[in-house]
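Trainee: As you go down the protein sequences, you meet chains A and S in turn.
End of the first sequence sits at 415 in the working numbering; the numbers just go up one at a time, nothing left out.
End of the second sequence sits at 415 in the working numbering; the numbers just go up one at a time, nothing left out.
Treat the hints with care, since some could be wrong.
When chains are identical, the list treats them as one kind, so a pair holds in a single copy or across two.
DMTMM-like cross-link-like pairs, simulated, lysine to aspartate or glutamate; straight-line CA separation at most 25 angstroms [what the hints assert, rightly or not]:
| hint | residue 1 | residue 2 |
| --- | --- | --- |
| 1 | K119 | D143 |
| 2 | K393 | E69 |
| 3 | K407 | E69 |
| 4 | K119 | E269 |
| 5 | K119 | D265 |
| 6 | K393 | E314 |
Quick caveat, the hints were computed from the structure, so don't treat them as lab data.
This structure is a prediction, so every number in the text was calculated from the model and none was measured.
2 protein chains.
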Amino acid sequence: MTKEISRATCLEMDQADPLAARRDEFVLPENIIYLDGNSLGAMTHAVAANVERTMREEWAQGLIRSWNEANWITKAMKVGDTLAGLIGADDGEVVVCDSTSVNVYKQLAAALDMRPDRKVIVSEAGNFPTDLYMAQGLIAHLDRGHELRLVQPGDSVYDAIDEDVAVVMLTHVDFKSGLIHDMDAVTRAAHDAGALMLWDLCHTAGAMSVNLNAAGADLAIGCTYKYLNGGPGAPAFIFVAARLQDQIRQPLTGWMGHNAPFAFDIRFEPASGIERMLSGSHGILGLSAVETALEVWQDVDMNDIRTKSIALCELFIDLVETRCTGHGFELISPRDASVRGSQISFIHAHGFEIMQALIGAGVIGDYREPNVLRFGFTPLYVRFVDVWDAVDKLTTIMDGNVWQDPKYAIRGAVT
Amino acid sequence: MTKEISRATCLEMDQADPLAARRDEFVLPENIIYLDGNSLGAMTHAVAANVERTMREEWAQGLIRSWNEANWITKAMKVGDTLAGLIGADDGEVVVCDSTSVNVYKQLAAALDMRPDRKVIVSEAGNFPTDLYMAQGLIAHLDRGHELRLVQPGDSVYDAIDEDVAVVMLTHVDFKSGLIHDMDAVTRAAHDAGALMLWDLCHTAGAMSVNLNAAGADLAIGCTYKYLNGGPGAPAFIFVAARLQDQIRQPLTGWMGHNAPFAFDIRFEPASGIERMLSGSHGILGLSAVETALEVWQDVDMNDIRTKSIALCELFIDLVETRCTGHGFELISPRDASVRGSQISFIHAHGFEIMQALIGAGVIGDYREPNVLRFGFTPLYVRFVDVWDAVDKLTTIMDGNVWQDPKYAIRGAVT
Numbered sequence: 001m002t003k004e005i006s007r008a009t010c011l012e013m014d015q016a017d018p019l020a021a022r023r024d025e026f027v028l029p030e031n032i033i034y035l036d037g038n039s040l041g042a043m044t045h046a047v048a049a050n051v052e053r054t055m056r057e058e059w060a061q062g063l064i065r066s067w068n069e070a071n072w073i074t075k076a077m078k079v080g081d082t083l084a085g086l087i088g089a090d091d092g093e094v095v096v097c098d099s100t101s102v103n104v105y106k107q108l109a110a111a112l113d114m115r116p117d118r119k120v121i122v123s124e125a126g127n128f129p130t131d132l133y134m135a136q137g138l139i140a141h142l143d144r145g146h147e148l149r150l151v152q153p154g155d156s157v158y159d160a161i162d163e164d165v166a167v168v169m170l171t172h173v174d175f176k177s178g179l180i181h182d183m184d185a186v187t188r189a190a191h192d193a194g195a196l197m198l199w200d201l202c203h204t205a206g207a208m209s210v211n212l213n214a215a216g217a218d219l220a221i222g223c224t225y226k227y228l229n230g231g232p233g234a235p236a237f238i239f240v241a242a243r244l245q246d247q248i249r250q251p252l253t254g255w256m257g258h259n260a261p262f263a264f265d266i267r268f269e270p271a272s273g274i275e276r277m278l279s280g281s282h283g284i285l286g287l288s289a290v291e292t293a294l295e296v297w298q299d300v301d302m303n304d305i306r307t308k309s310i311a312l313c314e315l316f317i318d319l320v321e322t323r324c325t326g327h328g329f330e331l332i333s334p335r336d337a338s339v340r341g342s343q344i345s346f347i348h349a350h351g352f353e354i355m356q357a358l359i360g361a362g363v364i365g366d367y368r369e370p371n372v373l374r375f376g377f378t379p380l381y382v383r384f385v386d387v388w389d390a391v392d393k394l395t396t397i398m399d400g401n402v403w404q405d406p407k408y409a410i411r412g413a414v415t
Numbered sequence: 001m002t003k004e005i006s007r008a009t010c011l012e013m014d015q016a017d018p019l020a021a022r023r024d025e026f027v028l029p030e031n032i033i034y035l036d037g038n039s040l041g042a043m044t045h046a047v048a049a050n051v052e053r054t055m056r057e058e059w060a061q062g063l064i065r066s067w068n069e070a071n072w073i074t075k076a077m078k079v080g081d082t083l084a085g086l087i088g089a090d091d092g093e094v095v096v097c098d099s100t101s102v103n104v105y106k107q108l109a110a111a112l113d114m115r116p117d118r119k120v121i122v123s124e125a126g127n128f129p130t131d132l133y134m135a136q137g138l139i140a141h142l143d144r145g146h147e148l149r150l151v152q153p154g155d156s157v158y159d160a161i162d163e164d165v166a167v168v169m170l171t172h173v174d175f176k177s178g179l180i181h182d183m184d185a186v187t188r189a190a191h192d193a194g195a196l197m198l199w200d201l202c203h204t205a206g207a208m209s210v211n212l213n214a215a216g217a218d219l220a221i222g223c224t225y226k227y228l229n230g231g232p233g234a235p236a237f238i239f240v241a242a243r244l245q246d247q248i249r250q251p252l253t254g255w256m257g258h259n260a261p262f263a264f265d266i267r268f269e270p271a272s273g274i275e276r277m278l279s280g281s282h283g284i285l286g287l288s289a290v291e292t293a294l295e296v297w298q299d300v301d302m303n304d305i306r307t308k309s310i311a312l313c314e315l316f317i318d319l320v321e322t323r324c325t326g327h328g329f330e331l332i333s334p335r336d337a338s339v340r341g342s343q344i345s346f347i348h349a350h351g352f353e354i355m356q357a358l359i360g361a362g363v364i365g366d367y368r369e370p371n372v373l374r375f376g377f378t379p380l381y382v383r384f385v386d387v388w389d390a391v392d393k394l395t396t397i398m399d400g401n402v403w404q405d406p407k408y409a410i411r412g413a414v415t
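The following block holds chain A by itself, in its conformation from the complex (with noise of 0.2 angstroms):
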């Protein structure tokens, strides 16, 4: 791309994009261009509509039965199979429900369950803390003298794994730069050491094309509330491959997970099938609005958002780069757009001051520790015009200085 590019330029790639229409299915604040999709997906008027409906009817009339007869008991199953459709996955592989912290430790317990010889989890220091912290707690736990093995930045994820591994937990899509492991690499590496493979998919679904079974993933799990746009804290989702389900055991094991959960029996039996991963009883409302924000994907295909998702990326980075240079911006997201997520990032020194002028100029980024702008691209209803404004926005604010008005380097609580 180069510098012919306008502002009228991006008004035409919009007119082209066979996306564009999404984005009325969405509500959006006005006067803001959202770029942190990847942190809190935005509400489609279906997800607001369904709720209501959860609450108004199924909830306040038909109360108690509505367990059954609006199948709220079997709904965790039947939000995961749809969800299954976009992570490469069969019906019966994929559940949603608790948190992805929660279900990290119920993927990890179960994968040292599985390998009881070996003593390793493998992960990344650059994987998203929360990962990290539930293999901590699981170790510290178990105190069997597990060890938790980090890859340091720059490391050979391959270099880390060998026989001692249980299992190599790595999120596909890094949180800060956005580089994408080689899912089938990864995980062909996992499996000649004779580890089984957890991927962590919170900034994969939705943003783009994966196939689990393809790339003969073991265990997966994933948030819901980012390129899902299920809702802030939606239920989680995981992913148990069809040919471990028999043998997979997990210790979070409540009544959701039994095989008969009202006969009341007191000894726990595992469900036969994907349902064992479940725990407690489903949080309705969270999982009616999942449940709905899904149903935008059923005319979408996949390689549409994942072209658009290019195109906007290229676009921001082109457009950075030629109107704010001599800033200070650096790019840590890879150039190559073949291994690089929905998302851009740059490190600036004073990126926190940046990134709040940025949000009261009404361009809605993220920052995350300790210098790193962040900003998420959703082909659904970001639009090429948006990216183009933004960036505009941020050449005024670096060309005059705004982001140094004091007030943008008071620091609260950050999400």
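Given the structure of chain A, go ahead and fit chain S onto it with the hints provided.
Mentor: Okay, now just chain S, sitting in the frame of chain A:
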């Protein structure tokens, strides 16, 4: 109570009821008598309105900013503080998160960690199964020779508590019979033996006054979707006495339980207070529903709740026993109201069919295997005349053998 009771008497009791106006705060279906608020509480008008606002304003318009600006990030603690007042806990001792099952796991794991030389968890064979299942999952996972010691029906809990016991886990109000444990006495017995005390308040919170701190309880959990009306599968709560919060460690160490979640340190460091019991991100829709559901309790005198609860239950027993004499119902709830929760259970050889016929007639109670008809009386919205009408319909069903219609014998998933 005597045979002279009539429908007119019940209407008079409603007129004298100081809680009568509370019913107006709830959305209740026409022509239904709802005696299952102990499975799923009814919805208040305010809940639906606030969840809608949470979606349409906080999520759709505020987007990621709402984690700070709408205080999503502190909501689990804020709702916990509100709930604390209903269970005799202090600010900072309760947090609302995850499911009851997952919270049982955290608490039991934490208890075993605090009593490393003891190997026994005491509970009851009649406890709600998911509590037992979670204990079984924990024990199998740890694989360090722990034992789940179950008190059998008719045996004494006190006899099961000895110096080998790490933690006593009891449901304060039995889910089948409604029998209340003596919280002060059992807690004292656990402490005298050097054990920790974990109370499950699922059938207590909102049904009666209870005082965890006066009893010296260590740990508690409970759900918010029964008498607290938080909605289907609403997030549960967790209580840790302030004096234990510095030492408690639970294994599900997600980022929301970190001392500085947004510092993105690689190492988990637990938060200093009750926050360390959190794991992943809060489900905001479910949490908003609970937050608003609790508003109904603001001006409620828990003595009025208990007084009305007992009166409703006494009326129900009296009417069933006088009007359905000879039909084979056997009361399994305590006759002594002082040791009985806000529910009445009868067993009957044809309990399933009778409950189906009752539901067909617009009276919703629930059925618990193998033969229990369970009726919950929620003082906020159940009227005395509802009790009359429910028993009137039951009498018709029994006198006319309506329950023998084959359609009432069909079994599905029951809740």
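Trainee: If a hint holds in the structure, say so; if it doesn't, say that too.
Mentor: Each hint, compared with the structure:
Taking the shortest Cα distances, K119 and D143 sit within 25 angstroms of each other both inside one copy (11 angstroms) and across copies (16 angstroms). In this homomeric assembly, K393 and E69 come within 25 angstroms of each other (Cα to Cα) only across copies, at 23 angstroms, whereas the closest approach inside a single copy is 51 angstroms. Taking the shortest alpha-carbon separations for K407 and E69, only the inter-copy value of 16 angstroms comes in at or below 25 angstroms, while the best intra-copy value is 54 angstroms. Taking the closest pair of Cα atoms, K119 and E269 come within 25 angstroms of each other only across two copies (23 angstroms); inside a single copy the shortest separation is 27 angstroms, beyond that limit.
In this homomeric assembly, K119 and D265 come within 25 angstroms of each other (Cα to Cα) only across copies, at 23 angstroms, whereas the closest approach inside a single copy is 34 angstroms. Taking the closest pair of Cα atoms, K393 and E314 come within 25 angstroms of each other only inside a single copy of the chain (18 angstroms); across copies the shortest separation is 70 angstroms, beyond that limit.
In this structure, every one of the numbered hints holds.
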